[in-house]
Amino acid sequence: MKRFSILLSILLAMSQQAQAFDFGLIIDNTTTLEATDVNNLFFQKDKGTLWMNFDISDTAFFAIQGNGTFVLQEPYFTYGFDQAELTMDFPVIGQSSFLFGFTAGRFYVSDFTGFVLTHNMDGARLVYKNPWLNSYIAVGFTGFLFKADSTILMSIEDKNYEPSFLPLAPPRLIGLMEFNFPEVFAYQTLDISIVGQLDMHSTDMVKDEGDTAWDISNGGKIDTLYAGIGLQGQLAENFFYESFFIFETGRTLASQESVTPGNRVYTYVPIYAFMGGFKLSLFFPEFLASELTLTAVGSSGDADYETYLEGNYDDYSIQFSPISRPTIGLVFPQQMTNLIIVELEYSMKPFSGAVGTIWEKYQMLFQAIGYFRSSLSDISNSEGLNSGSEDYYLGTEVDFINNFKPFADLGMSLALGVFLPNNYTEDSAFTPDSKGIDFTVRFQLSFEI
Amino acid sequence: MIVINEKEKCVKRKILILSLCIFCITLTAIFAQSNDTIDQLLAEQKATYGKSVLMVLSASNAVPITSTIDAAMKKLEESKWIIGKKAEDPITLGELSFIMMKAFNLSGGVMYAIAPGPRYACREFEFRGFILRNAAPDRSVTGEEVVQMLGKVLSQQEAVK
Chain H
1 MKRFSILLSI LLAMSQQAQA FDFGLIIDNT TTLEATDVNN LFFQKDKGTL WMNFDISDTA
61 FFAIQGNGTF VLQEPYFTYG FDQAELTMDF PVIGQSSFLF GFTAGRFYVS DFTGFVLTHN
121 MDGARLVYKN PWLNSYIAVG FTGFLFKADS TILMSIEDKN YEPSFLPLAP PRLIGLMEFN
181 FPEVFAYQTL DISIVGQLDM HSTDMVKDEG DTAWDISNGG KIDTLYAGIG LQGQLAENFF
241 YESFFIFETG RTLASQESVT PGNRVYTYVP IYAFMGGFKL SLFFPEFLAS ELTLTAVGSS
301 GDADYETYLE GNYDDYSIQF SPISRPTIGL VFPQQMTNLI IVELEYSMKP FSGAVGTIWE
361 KYQMLFQAIG YFRSSLSDIS NSEGLNSGSE DYYLGTEVDF INNFKPFADL GMSLALGVFL
421 PNNYTEDSAF TPDSKGIDFT VRFQLSFEI
Chain D
1001 MIVINEKEKC VKRKILILSL CIFCITLTAI FAQSNDTIDQ LLAEQKATYG KSVLMVLSAS
1061 NAVPITSTID AAMKKLEESK WIIGKKAEDP ITLGELSFIM MKAFNLSGGV MYAIAPGPRY
1121 ACREFEFRGF ILRNAAPDRS VTGEEVVQML GKVLSQQEAV K
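These protein sequence lines map, in sequence, to chains H and D. So in the working numbering, spot 128 of the first sequence is number 128, and the numbers just go up one at a time. So in the working numbering, spot 35 of the second sequence is number 1035, and the numbers just go up one at a time.
For reference, chain H alone in the conformation it holds in the complex (with noise of 0.2 Å):
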């Protein structure tokens, strides 16, 4: 509460010495019903998040934001802090104007793809743009961040992390280097990245290379990284695409044959993986604002897996670990490991002719999800998985999304989705009895003060 106290008091006195300051308060209620052939289950969550900006000067900027959550069911509350940065931005203007930038704290960075790296750190990042370019490099450190604020998920030992003195995130020194070159042949845009990070585990923690005693219960270190190259642009009128493919490499622990015939040693074996996707946008601004959308993205997965986050037992691996992990669908969240997507989107504002009016704003959005893994190992969540199945196909999530923002401060969301498994015989995915149809109700609303 002192140091609450000590907090809040610098924060005044700096708004007062502010070229400006802005202030605000996020109130998220989100209440979920997940209907399953094994169970039902009612889910709420609050959310508040508390921002405050501070213009130092025309040219510096400080930023902070905190976030408290409570789970009616659990229940439990948790707390965090998203964002404390401190940015300087040096423009220079002339006859070949640019600007750089500096930023240091905490603070949210993502690649161009946003499947790779999506996440806040602890660190500093240099920014420089012109006219041709949009480049930043940035560097930092994510064992300071709370887990429940984290989605980074990458090993068995970021799973099994839990100091005893605070709920910290896995600890992972990451680079990041993005580079985007917009319209710079054929109106066409240009991005490059390349990511990096460390695993910062303490060794005491981890299996050591040389043991030989199996234990899928603990795991090794994995340092990786991604080389990313994306193109974007337009094709014709109102018709877009987007590309990109990314190539990791790294080293990840493994259990080989060793000398001895019939035993097993942990070593170390390199990574070789990949992920690349496209998606083509048709808009019809005519036609109630609408959009249709067509998106594939695929990550390699390795067969000699013995979980989705390790328990490789080849010479090397192929199965593409994201660093943090944003989930893809509703009722069947996945992340990006071992899994191909194909989704059909369409989206409409039927009251766009409405100008000036709150019923603009309406948007209807229908999704259609074709789920199927690269290999025939696990997924990221397996539940009800059929292991002896030799399916690529596991099923087809529908959604029907509303979204509603009538006003600055109050916007809504009610989402429908049901998920169809591939679980028509013995031998498929997943089998009859493992997992039936699931159906999820969500509901959204999120008011500013």
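Everything labelled a hint here was simulated from the structure, so no lab data went into it. Just to be clear, a hint being listed does not mean it is correct.
[What the hints assert, rightly or not] In the EDC-like style, the derived pairs of lysine to aspartate or glutamate whose C-alpha atoms are separated by at most 16 Å in a straight line are: (1) H:Lys47 with H:Asp149; (2) D:Lys1046 with H:Asp58; (3) H:Lys361 with D:Glu1126; (4) D:Lys1161 with H:Glu162; (5) H:Lys147 with H:Glu162; (6) H:Lys405 with D:Glu1158; (7) D:Lys1046 with D:Glu1126.
Put chain D on the given structure of chain H with help from the hints.
Relative to chain H, chain D alone:
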């Protein structure tokens, strides 16, 4: 009689031509005055109340297009939207948004309905896409921003019609 009619026609034609000339001269003067105000406003690194309020109130027909800064400030005082400001005072983003909300009779969000003022007017303008950068209500605005914001409001008003 015929001669008189022709004389009348001639006089009427002269009056019409004279009226057109006067109208054109007046219109030119109005545009010149308006252009002068815009030019002066565009040159301001920290937009002042006088010119900003004159632009907003004349665009919303709250004051005539021929009005002066003093008349616009008087109108602002009378409206009691914002009080105690002088023409040469710098205007903040929140105050400018609030004056525009009131002048164009725009509706706001839930919090604006509960506590109408610069803070929530600014949020509404950010939501509507009228503010292109940093939406802190108490930051100063440039003259260029005032003209841009006014342009966006007028475009939306036109679209609604």
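Each hint tested on the structure:
no.	hint	verdict
1	H:Lys47 with H:Asp149	holds (12 Å)
2	D:Lys1046 with H:Asp58	holds (12 Å)
3	H:Lys361 with D:Glu1126	holds (15 Å)
4	D:Lys1161 with H:Glu162	violated (60 Å)
5	H:Lys147 with H:Glu162	holds (9 Å)
6	H:Lys405 with D:Glu1158	violated (22 Å)
7	D:Lys1046 with D:Glu1126	violated (20 Å)
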